[in-house]
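> In order, the protein sequence lines correspond to chains P and A. Going by this note's numbering, the first sequence opens with residue 19, and the numbers climb by one from there. Going by this note's numbering, the second sequence opens with residue 7, and the numbers climb by one from there.
Just so you know, these hints were derived from the structure itself, not from any lab. Hints may contain errors.
[To be verified] Derived pair list, reagent style DSS-like, types lysine-lysine, alpha-carbon separation capped at 25 Å: (1) A:LYS146 <-> P:LYS230; (2) A:LYS123 <-> A:LYS81; (3) A:LYS74 <-> A:LYS60; (4) A:LYS193 <-> A:LYS88; (5) A:LYS14 <-> A:LYS88; (6) P:LYS102 <-> A:LYS60; (7) A:LYS60 <-> A:LYS81; (8) A:LYS74 <-> A:LYS14; (9) P:LYS281 <-> A:LYS146.
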Amino acid sequence: MFEIFQYDFIIRGLQAGIIVSSIAPLIGIFLVLRRYSLIADTLSHVSLAGVAIGLLFKINPIVTAILAATTSSILIERLRLTRKVYGETALALFLSGSLALAIILISLAHGFSVDLFNYLFGSIVTVRQEDIWVMSLMAIIVIIAIALFYKELVFLSFDEEAAQVAGIPARLINTILIILTALTVALAIPIVGILLISALIVIPVVAALQLKRGFSETILIAEGISLFSVITGIIAAFYLDIPASGLIVLTALAIFAVLTFLKRN
Amino acid sequence: MHQVDHTKNIIELQNISFTYGQERVLNNLSLNIHLGDYLGIIGPNGGGKTTLLKIMLGLLPNFEGQVKLFGKDLKDFPDWYKIGYVPQKATNFDLNFPATIEETVAMGRYGRRGLFKLPTNEDNRVVTSVIAEVDLTSEKDQLIGNLSGGQQQRVFIARALASEPEVIILDEPTVSVDPETQDKFYKLLRDLNDHHNLTLVLVSHDLDIITSQTTEVACINHSLIYHGSSENFNRSYV
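Taking the hints into account, I'd like the entire structure generated from these sequences.
Below, the structure written as structure tokens:
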């Protein structure tokens, strides 16, 4: 039964999965409560353009994805603040624009192949030791930043106006949150793929919210659901020979469904 | 009788004007709020009450005129914890937000504590004591969404008190709260004003509440129509 742990790629996949599933709900809770979940989707498409740049110039695609996502996150926030476009249209512009760019770049890199498929749908077997180091470093940055700005993030999510009156620098904190989202999204690519990243960020949080607990307790529950879904998904994928990303997201959705049902009754 | 100390200005509004698009909402309005005042701001809907309140809270920076808070210009005012704010939220805050009473009240400490600082024992002590003050100790672990409108409003008062402010500004705090709960709520406010030297600014469209509760009245309809004691206001206008 433990033969699974003899494979290095599974060990690396689990390591990467645990890293990503620990930080996803930390970001997710603030995005969900601020009705800003769509930013995760947008930044995942931006990451695809980043991946394409990496493929084209033979640089580690995770690194280029991180750079593309963080840069765009700052631009999106700037564009939103200028009020030249509505908040959501800023997201739509970046989502479609980056996808268009990605298609062209990938075509130039002759990358419409297995590679692209891996990035779209995730592929834990492609996770290299080098990626684990990058992911660990970035995850530590995300966790420290969330811990440092936790109280400001909570207050702003609950009541932005009162938080501003209390002297909390709303703009700065919002920008920090969106940059952290970009980092998390870029890191999650190998695990769930670009098309399912927002699910990993949003679903465990939405599931935990069904239990109607306090803030810190909700985060802990979301962490549990996220970790459980990722570990279960990766192990089940190995035995069933199906892509882990699909199983991870369906596991999280199943937990959401069960909790919603239990709470109703 | 409650004594108002008229010697110290807490909030000074000088020649304030504000325009939304084409509409001039406030026109050259000046008003001083003093230490220990319990000031009711009253006026018709659309008369500029909420706009004025948002200007003094620093939420609407594009106004004409000058605002001084505790003697400092609003733009350079560093001590926002001195100002407690109870928004008009009983009706429109997110009922599903996952926060307990204790977590919500603790937010009141966050501005005072500042960036990069973790909450301290002192913060916890103050949070516990203000929750007791608004009589919600046994409910402190309940979610804010599960409370009655009156309890929620007391939570927001506690959150404002948690920053240990010198003035609390309340925007229509008892909209959609039943009369009995309203009575208790205003008794609490009066007690805070009488015994804790807390300056209160209460914005309401409810004439009964303003005239029965506050010691001073400012009547606003684009400009300042009346500013003086509630007694005079009652005699002359009501």
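> Now, for every hint given, state plainly whether the structure supports it.
Hint check results:
| no. | hint | verdict |
| --- | --- | --- |
| 1 | A:LYS146 <-> P:LYS230 | 15 Å, holds |
| 2 | A:LYS123 <-> A:LYS81 | 24 Å, holds |
| 3 | A:LYS74 <-> A:LYS60 | 14 Å, holds |
| 4 | A:LYS193 <-> A:LYS88 | 22 Å, holds |
| 5 | A:LYS14 <-> A:LYS88 | 15 Å, holds |
| 6 | P:LYS102 <-> A:LYS60 | 24 Å, holds |
| 7 | A:LYS60 <-> A:LYS81 | 14 Å, holds |
| 8 | A:LYS74 <-> A:LYS14 | 12 Å, holds |
| 9 | P:LYS281 <-> A:LYS146 | 22 Å, holds |
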